[in-house]
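K.L.:
In case you want the letters, here they are:
Number of protein chains: 8
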Amino acid sequence: MDIRTLLEQVQEGTLSLDQAEQALKDLPYEDMGYAKLDHHRALRSGFPETVFCQGKADEHLIRIYEHLLDKNGAVLGTRATAHQFEIVKEVIPDVQYDPISRILKVERTPRPKKGCVAICSAGTADIPVAEEAAQTAEFFGTHVERIYDVGVAGIHRLLAQRDRIRQANCVVAVAGMEGALATVIGGLVENPVIAVPTSVGYGASFGGLSALLTMLNSCANGVSVVNIDNGYGAAYLASQINRLAVGEETEQGE
Amino acid sequence: MDIRTLLEQVQEGTLSLDQAEQALKDLPYEDMGYAKLDHHRALRSGFPETVFCQGKADEHLIRIYEHLLDKNGAVLGTRATAHQFEIVKEVIPDVQYDPISRILKVERTPRPKKGCVAICSAGTADIPVAEEAAQTAEFFGTHVERIYDVGVAGIHRLLAQRDRIRQANCVVAVAGMEGALATVIGGLVENPVIAVPTSVGYGASFGGLSALLTMLNSCANGVSVVNIDNGYGAAYLASQINRLAVGEETEQGE
Amino acid sequence: MDIRTLLEQVQEGTLSLDQAEQALKDLPYEDMGYAKLDHHRALRSGFPETVFCQGKADEHLIRIYEHLLDKNGAVLGTRATAHQFEIVKEVIPDVQYDPISRILKVERTPRPKKGCVAICSAGTADIPVAEEAAQTAEFFGTHVERIYDVGVAGIHRLLAQRDRIRQANCVVAVAGMEGALATVIGGLVENPVIAVPTSVGYGASFGGLSALLTMLNSCANGVSVVNIDNGYGAAYLASQINRLAVGEETEQGE
Amino acid sequence: MDIRTLLEQVQEGTLSLDQAEQALKDLPYEDMGYAKLDHHRALRSGFPETVFCQGKADEHLIRIYEHLLDKNGAVLGTRATAHQFEIVKEVIPDVQYDPISRILKVERTPRPKKGCVAICSAGTADIPVAEEAAQTAEFFGTHVERIYDVGVAGIHRLLAQRDRIRQANCVVAVAGMEGALATVIGGLVENPVIAVPTSVGYGASFGGLSALLTMLNSCANGVSVVNIDNGYGAAYLASQINRLAVGEETEQGE
Amino acid sequence: MDIRTLLEQVQEGTLSLDQAEQALKDLPYEDMGYAKLDHHRALRSGFPETVFCQGKADEHLIRIYEHLLDKNGAVLGTRATAHQFEIVKEVIPDVQYDPISRILKVERTPRPKKGCVAICSAGTADIPVAEEAAQTAEFFGTHVERIYDVGVAGIHRLLAQRDRIRQANCVVAVAGMEGALATVIGGLVENPVIAVPTSVGYGASFGGLSALLTMLNSCANGVSVVNIDNGYGAAYLASQINRLAVGEETEQGE
Amino acid sequence: MDIRTLLEQVQEGTLSLDQAEQALKDLPYEDMGYAKLDHHRALRSGFPETVFCQGKADEHLIRIYEHLLDKNGAVLGTRATAHQFEIVKEVIPDVQYDPISRILKVERTPRPKKGCVAICSAGTADIPVAEEAAQTAEFFGTHVERIYDVGVAGIHRLLAQRDRIRQANCVVAVAGMEGALATVIGGLVENPVIAVPTSVGYGASFGGLSALLTMLNSCANGVSVVNIDNGYGAAYLASQINRLAVGEETEQGE
Amino acid sequence: MDIRTLLEQVQEGTLSLDQAEQALKDLPYEDMGYAKLDHHRALRSGFPETVFCQGKADEHLIRIYEHLLDKNGAVLGTRATAHQFEIVKEVIPDVQYDPISRILKVERTPRPKKGCVAICSAGTADIPVAEEAAQTAEFFGTHVERIYDVGVAGIHRLLAQRDRIRQANCVVAVAGMEGALATVIGGLVENPVIAVPTSVGYGASFGGLSALLTMLNSCANGVSVVNIDNGYGAAYLASQINRLAVGEETEQGE
Amino acid sequence: MDIRTLLEQVQEGTLSLDQAEQALKDLPYEDMGYAKLDHHRALRSGFPETVFCQGKADEHLIRIYEHLLDKNGAVLGTRATAHQFEIVKEVIPDVQYDPISRILKVERTPRPKKGCVAICSAGTADIPVAEEAAQTAEFFGTHVERIYDVGVAGIHRLLAQRDRIRQANCVVAVAGMEGALATVIGGLVENPVIAVPTSVGYGASFGGLSALLTMLNSCANGVSVVNIDNGYGAAYLASQINRLAVGEETEQGE
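Protein chains in written order, with numbering that gives the first Met the number 0: chain V, 0 to 253; chain Z, 0 to 253; chain F, 0 to 253; chain Y, 0 to 253; chain U, 0 to 253; chain E, 0 to 253; chain P, 0 to 253; chain D, 0 to 253.
Rather than coming from a laboratory, the hints here were simulated on the basis of the structure.
What you are looking at is a predicted structure, and each value in this text was computed from that prediction instead of being measured.
Here a beta-carbon is modelled for each residue, glycine too, at the ideal position from N, C-alpha and C.
Where hints are given, some of them may not hold.
What the hints assert, rightly or not - Stretches of chain D that chain P covers, calculated by requiring three or more beta carbons in the stretch to come under 8 Å of a beta carbon on chain P:
| no. | region |
| --- | --- |
| 1 | 218-225 |
| 2 | 234-241 |
Claimed, not checked - Once the Cα atoms are required to be at most 35 Å apart in a straight line, the calculated DSBU-like pairs of lysine-lysine come out as:
| no. | chain 1 | residue 1 | chain 2 | residue 2 |
| --- | --- | --- | --- | --- |
| 3 | U | Lys-70 | F | Lys-55 |
| 4 | Y | Lys-113 | F | Lys-113 |
| 5 | U | Lys-55 | P | Lys-112 |
| 6 | Y | Lys-112 | F | Lys-112 |
| 7 | Y | Lys-113 | F | Lys-112 |
| 8 | E | Lys-55 | Y | Lys-112 |
| 9 | U | Lys-112 | E | Lys-113 |
| 10 | Z | Lys-112 | V | Lys-112 |
| 11 | U | Lys-113 | E | Lys-113 |
| 12 | F | Lys-55 | F | Lys-70 |
| 13 | Z | Lys-113 | V | Lys-113 |
| 14 | F | Lys-55 | V | Lys-55 |
| 15 | E | Lys-88 | E | Lys-113 |
| 16 | D | Lys-112 | P | Lys-113 |
| 17 | Y | Lys-88 | E | Lys-55 |
| 18 | V | Lys-112 | Z | Lys-113 |
| 19 | V | Lys-55 | F | Lys-112 |
| 20 | Z | Lys-112 | V | Lys-113 |
| 21 | P | Lys-112 | D | Lys-112 |
| 22 | E | Lys-112 | U | Lys-113 |
To be verified - A short list of chain U residues far from chain P (calculated; beta carbon distances all over 12 Å):
| no. | residue |
| --- | --- |
| 23 | Gln-10 |
| 24 | Arg-110 |
| 25 | Ile-126 |
| 26 | His-142 |
| 27 | Arg-145 |
| 28 | Leu-158 |
| 29 | Asp-162 |
| 30 | Asn-229 |
Input sequences plus hints: build the corresponding full structure.
P.N.:
This is the structure:
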């Protein structure tokens, strides 16, 4: 029962004041239970729900994939293992797995891609995180330009791609070790740069802390940072910005 | 001399091959000396240059303000002291100083404000950073909604402002201590959230580290983080996103 | 021999001054040897001894379970492995193992449950720690309300449970990553909140440090913190508070 | 207008469905604006609002003291300076200041003290934090036993106070440097222990980090921890627990 | 050739000035090559060389054991694995291995034990480190009193052993988690206390950092600290102090 | 009343059983109240009580100096300021202050110095901590050899002092920055080395953390560590070891 | 097409101004694509490209080895596994693998070795990193003196090698645990010292952090530091310095 | 008496064997007392001794300046205050002070400058550290190219200086905040790069830690790091490398 119906019943006298008062107290919250809320959010935002596969129990993961596929006609999961691919494949034969990005996806009718997000990575070892970002953004209907292996220790490789990078509505800069890529890109473009530190490195990289601090202290304007190795989070944010740039409407109000 | 002129002179034979070769080698860089480059950037981006006042020598600061006022007709500086206000005021009598945000500004013809960015702060102690963000964004021509003192320890204060927050193209969430504000807002809105940790707190806040880690580990989608107390950086990024949303043109190519 | 008997023997002249002096010197300590002390503590507090299984040698663990079962008629162990379940089962066939909470328990006559403690968890990945807390509290005779998956990134899920949470004498808030759950709950209830940071997360969560710092810096009143992943410790404390609230008598003096 | 009145007006036809629907949407939140909500909380909890004086502007602080005194007939502020005492004294002549605890208080009719909380400190340097806790708890109507200078490097001083400590419903253990006091007390009593690390120390105490980690890793049951130097927070929590133990009623529901 | 012989040859004219000058330049150092120096040290100090087995290659370890057994008639190695026991056993059948302390030892004629060192441990999980210390000290000819499981969360267990602890020339206090044992012992005895933090614990123990900081910040006099889990180092130092106390002569000069 | 007297009165019938029982319960602890206990300790150990002046209130400090001078005929305080010297001098005109070591001392009849402790410092900036150690040890009746400015970056300076260092019963090695002095000395001598990290340095010395970690990880045998800048603690421990070496008797039992 | 050719065509009229302008815009960058640039760098520097094998996919690694062998006639890879040796061996039968240094190398005609770099290691456990440095430097044509097991806990071992160390143009000092080797060497020589902290150690070495901080805080002149375990990086730098010292020409300009 | 003379006296019989033996034992060390050694080092290296002024007592500093000026005819001190300038000026009127670099220098006949070291800084706030490096290197006879304000957020400024940077025998890269300058330069040049992190920044720069970690994790070859703000250390090392490159002879042997 929604609020309008309730008020009509009060007006008509078919619902007592006490009953109405009690119902209203609970309504705003109960009307937005967990699953329901997220369906609404997905509809509004144009971004379907996704799955963080890591650590999920086998049966649980299978049920989630079946449920979301049923509802949305497509599912994307991140940080999936080869084993998880095998078990989901038994119930959804056309599920696809990319061992580099660890994306486990069912996507029968890919969305049209709009706008442009550039995803840059510093080294080849950063590609798994960059691909998690790229494939997630594409799943959300974002056009992606992949610009990999353009670390600042060989600055000409990056400069050679300057025009492609500048055309993007938003740039995702993925880098481990010293993580300087985001700053150099931030100095080259006029649109937002989302920096993704990676855990690539050893010794004093301290699991990505080095790249994280570098990026937080960036001297360039327009750079913000997400968690270490969080390609998914960067893609979500980049897709939001890209959507604002292409002017797509979403139903923001409830 | 620009590239076209140079090539014309080669074509006409008024410039030797050796001279042309040498000039071309230097041109792309020398044509973009420090000051010049930044003038271009300001023109293209629509965001005039700003000044980080902290630690600047007195004479230096005065010269920079005079120079930028001359060029742009307006200047905004961050992290200025009352002393810096006094010395700049002697040469630019209409300079304005806000001791809360520590913004030192000359703005004779304020820009029209476009779009909407919501700037939320958790506690009253976070307001200096929030105001640095708000006044910077306004200086860049961004319409700002100030929503202060909505920390998550009293969640109803925040929920009561939900509609105002949802209308923004981008939300800046400023919080110290436990820094949870960004995540709760991230769960309420569909547009990007820029989280600004502040150094407000004591003990185990370790100068803002606590809020910084909280924000980097946010469970909400669409949240990214800038440096501790970096209200200026958040405002710059928010204004970029807002500009993309309102569809304003900038001259991106060179 | 207790102090009274000793003094009577001195009065009666059956114990020499030298003998009495020597005995008194040792009595207060020797009367409280290790095992004895803990039996007393368990009797007084109403909370039977429990076992931290992690790292215990097989034979050692078996002996401890047999010994405690003999004495108390019930045993609860935390952080047990499936292997430990197998070996204890051989000697105590009705031992029960829960692979989620890793609780290994013999409980032939469950205690009646009194009062109310609410155990809330932010995400599904925090449930193992939440269940360690819940099952421990129940073993101690505490009534538990489980309220899981109410993380603050979707604040309505938590608000919908507000009434259940408010009825508790004490709330245990279990959360990893950004750990903001404790603060939001602290703002909603009037009774103590025990915050349990978990090691759930990756990157800048640094093994639970992020959630730990968040909780220590909570802006809400009435929030205190236990060690990372320490569901057991939170349950012990919550049961103490719950017992004070229901007014149960314990024999506090020696 | 409350919900009942609104529903009556709908029933009576004096409020249209549209108007009612709009009002209901805002009501639950607007009815709980910041100030109002906190008045309610204070009434329900029996704990009046307090003031964190540190960093407050002079005029701001004076207004807050006048406002709260007007409403509650009493005000307690923590971390006040001698200067703040002077300026508040000009408008509230009977305000009292304790330079040790830095408590700035107006309390015309002290509340009756109930129950018992023991506040223990390890060294004399920890007394400022201990007194912040003690005076806050007393302001909240809690009976306090002060047991100071009982650090574990001279264990007999602590053991001599065992009986006084055991009678408390809750113990606050305040200690800097190695912070072992909480664990030893935790092993002596059956009620909750709230550990407050202090920033007392030098070198490897790292501003209280040493005591904080010690307390979080306590081997004793029933110990939880608040932020470094947070005597106020420990007192709030201790008073909540004490209130539960003495069985005082609070109006928990709305 | 030693210095005296060389000088005699110069005096006798059988060694030229040039030859003598060259020889003297190298002598002080070459006379103290690696192996030789350490034999001397062992003879002087009364402490034979020991082996840090961890990470040693199989053949390497076997050769070292054979070599040291040949020279000293006894060998003690620390941090040995069961595998290392097996391979050494093939060539030295009477080698002994203790899986708790991970000591791998050949000791055909144990030394007489002198003086007294007390080795105390807080919990049963700290026993491996305590035993590494105890068996090393015994190998060095030190009489050891083992006093285990006397953690400060049950202070009476420790107090009951006060007399045994006070008789020692030096006390080794082994503790993980909150590491408070060293301070309490330091307050009870008049001789030096060597604190050994252990990596026992989880969460905010951060691999022993918590116990390490606690011990460095000890309020008790006469407490010093060695590296985390360094039972061997504590035993070496304790044996040095014990030797000074029993007045045993060593040949200190060269 | 001591235990013997009490028992005699029971035997004589002048003390009832109830009275005796009550007295005995309190006696072991009350007989060792704070001040009394420490007097006993000082008598037993031969080391008089000392004062940590830092942060002490003026009146408090004066009273402590008068009290200890009265009792012991001598007082030593550490970390005193020039101001504290002035105020104590007003009541104790022969008090002496050393601005380098910040020792504030009254010592009318210096004790005879026994044994030998070598106190070595790496650089001139470490001398304040070295002198705190040296003067404290001398106050405790220990003979001290000062060997300053022998940092390992100029190894010959240290080697030239090898014989003086080897004659000591114990060596205190004081060093900041990279803190390598303790290890090199540890390799040269056969007696214990107490390492004192100092906060001397800048940048990556992180307030003494660098030297602290260096010393904890020392490869040399017989090295233990005290807190950063804790010259007093090193002197106390060195004097204990020196006392054991010279065979001085102390009354260890109660 | 290079710049000269382009200009000639403009002069000759065979290239239009528009075409020339477009080509020039891209030339400076596209002329220096990734692979090409690095070939140039290798030619200029005299140091052939190397491979960081860790984490490389099997097929990828094989292709890289074949490609580089083809181009340079030699390949050196670091951090290779035994498995990687096996797979590369199948296609390049004369590839060599050293399990200590984990160097995987094809070197058919070793370069002549010039100049002198001394590589010193503190303990035997540091040898893998030292060998990575030594073999890399040799591959680059540098003469290497290996001076191992000269840790400062036995200073005479190091002093005995003083002359060999002093003859080097550059010294690489490899040490874990307390890492003091670099400082002592820095005080003995007049040429640069490159310090390599290693992750050798346990407990408070925190994965090499201890040695890293020690080396950064070195009191000796002429010491700089590379990342933990980065033997390769030290060798590259040492070979650069050695090359400058021997006066070998490289083609620095483009 | 040197070794040769001593041996001659033995040969001639004017020195007894006992006397010779004793003399030889002390000679190698006593012949290299502190002051003497450093004079030798200065002579050999061509680098005169310098003074770290910070924290030096006034009289001490004056004496050191007089002494070194007397001996070397020139003195350079780093980290001097304006006050120190005043007091030294009273005794050495031609001493010069640069408030930016905080260099306090007497240099009556500047050395000829040889070779080339490029000193680059990222921002204007890094100039004090860069100037400490530049003026120190010049004092050591090194030709310096200053290339300031070439931070990587505006990469064209740096690229425009590429030729000047490439001509240097060694580059010093000074940068705070994100510290990426060293890596980008490392990718442009073939000679060594010495990275100097500065404490410039705020928030997550943690006093220079961010730049330090960035530089240690540099992806570019040939980059090593000195302590935060250590311009002096970088200049010393750069001058050593430059000297090797220009082939200047030093007397390395003793």
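K.L.:
Which numbered conditions among the earlier hints are violated in the structure presented, ordered from lowest to highest?
P.N.:
Of the numbered hints, 3, 30 do not hold.
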